[in-house]
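If you read the sequences in order, they're chains A and V.
Residue numbers 1 to 294, in our numbering, belong to the letters of the first sequence in order.
Residue numbers 1001 to 1294, in our numbering, belong to the letters of the second sequence in order.
Rather than coming from a laboratory, the hints here were simulated on the basis of the structure.
Bear in mind that the values here come from a model prediction, so they are computed numbers and not experimental data.
Using N, Cα and C, we set each Cβ at its ideal position, and we do this for glycine too.
Heads up, a few of these hints could be off.
Partial list, computed: chain A residues near chain V (C-beta under 8 Å) [stated by the list, open to error]:
id: 1; residue: 23
id: 2; residue: 112
id: 3; residue: 116
id: 4; residue: 145
id: 5; residue: 148
There are 2 protein chains.
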Amino acid sequence: MDFLSWMTSIQQRTEAALETALPPADIAPARLHQAMRYSVLGGGKRVRPLLCHAAGSIFGAPGDILDAPATAVELIHAYSLVHDDMPCMDDDDMRRGKSSCHVAYDEATALLVGDALQTLAFQRLAARLAGVSPARQLEMLALLANASGSRGMAGGQAIDLASVGLRLDIGALEFMHIHKTGALIRAAVLLGAHCGEAPPDALERLGHYANRIGLLFQVVDDILDSESSSETLGKTAGKDAAQNKPTYVNILGLRESKAMAGKLRQDAHDALSCFGVAAARLHELADFIVDRTF
Amino acid sequence: MDFLSWMTSIQQRTEAALETALPPADIAPARLHQAMRYSVLGGGKRVRPLLCHAAGSIFGAPGDILDAPATAVELIHAYSLVHDDMPCMDDDDMRRGKSSCHVAYDEATALLVGDALQTLAFQRLAARLAGVSPARQLEMLALLANASGSRGMAGGQAIDLASVGLRLDIGALEFMHIHKTGALIRAAVLLGAHCGEAPPDALERLGHYANRIGLLFQVVDDILDSESSSETLGKTAGKDAAQNKPTYVNILGLRESKAMAGKLRQDAHDALSCFGVAAARLHELADFIVDRTF
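Okay, chain A solo, but in the shape it has when bound:
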């Protein structure tokens, strides 16, 4: 199967898995459930589920087991977007080409949507996974929680808010992104590998790959944000610069940022070398992150 067909197939099965995990829209409280579904379904590149499935496939983990952590990670990501878009945070009216949750519904609902999506992520990963020992499944839950909390994603968002208007150096910017986006991307990769009972040294290599991919993702995001129109991006373009947020592009310049992306891609590829062709999808995903135009 070529990469694009594989990617489409994972995106489709992820959509179906999310659809099943989310409460039906006609069950009380119906408006909350509708808003949860609105915020999660029918959009998004599903990069984290793709990474999760690609990492699990190295160790022969079955797709229907990988759907659980893939869904959980995507629900955490979705909750963070709903909360990040709120007026007291980034105050963004558009997300994935449609109105943000707090615009389509209201602020109170958006707050509860984010809260309930986070809970649902842990609920999904706490349901027994066939072929994964309960002890390892507990490790996976701990991994997801560590990646999402105040010393992971939520902490990264706090650092991001605190750095608006500041002149960060490249080290401080990297520290923020390792938390804000890197931690959950790393969790996506490692949770997939755990489903295939990956040994510790393989987890270490994949952790290194994931760290590079996490930064790569952000550098490319900054490049796209500085180059694209809102229409192509599906969210408000140039917003970071307008909000005076530090980005790779305004610290390093566009040319240097692109060089950095090339180096990160190479490092990511190198970290996979020990897995040979089994890691082909992860290899291709690094390329995809660099070459995407949306």
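Keeping the supplied structure of chain A fixed, place chain V upon it in accordance with the hints.
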């Protein structure tokens, strides 16, 4: 040990367990960690930890194992208070006798505090518990998630918001409270029992006790809210009536509400009869919930 000494000892050990579970205030992102600690430590009756320890003690579960679910449930409760107080929700400036988190810090920080406290709850309960099988621990995580999400506590908050200004009947009010406060109180009791490997029929009896206690807690809250001053209550008194929120007192009247509280206490006591003196603390907690003046 008399009830008040026991209660004080559990409150103290809960404070210590929360103190340990929360990230240190000097670790980055320091402001977020300070705000998390501000919102959780040094206040609160710790009713849910008390219920958790009391239920676990029936089956001989050790206190240091019970600290884990007690902490997790209290962190979920604390997160819900931080988010409920925000301007887009109940817009309350006072909590536990001091400024609400979004007043003491800012709205964006309060949003992240709530998010990160929820994550920390699951993180705490995912760490291995000695003497509890991993499979049962996964059940406990699923139980906590079910109680907290859109079909539990967060869903109850959504129903509460939707009912402002409406004339609810007693059935609809009960439906809301079973979700908003009842689900987490039930989780506190059952998680404690799980730590002692309680058998299914005991869990069922305790579930019944917890359902009565959950409603009892809310009826008494409504009575206190209509009778007390803000100073005694440690939060803005008479707020529900001012916001035109349905309460037991304005649906049933004060006299009927007090009669209902008496009936619920009796039902709660009855549900414990099969456990004999082993359930003395749960029995006393039902009395405490009725007789508290704060």
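Original post:
Is the shortest C-beta separation between residue 112/A and chain V less than 8 Å?
Top reply: 5 Å, holds
Original post:
Is the interface hint for residue 116/A satisfied, with its Cβ closer than 8 Å to some Cβ of chain V?
Top reply: 4 Å, holds
Subject >> Evaluation of the interface hint that places residue 145/A against chain V, nearest CB under 8 Å >> reply: 4 Å, holds
Subject >> Proposed interface contact between residue 148/A and chain V, which counts if any beta carbon pair is under 8 Å >> reply: 5 Å, holds
Original post:
Are residue 23/A and chain V close enough, Cβ to Cβ, to be under 8 Å, as the hint says?
Top reply: This interface hint holds because 6 Å falls under the 8 Å limit.
Hint check: no violations occur; every hint is consistent with the structure.
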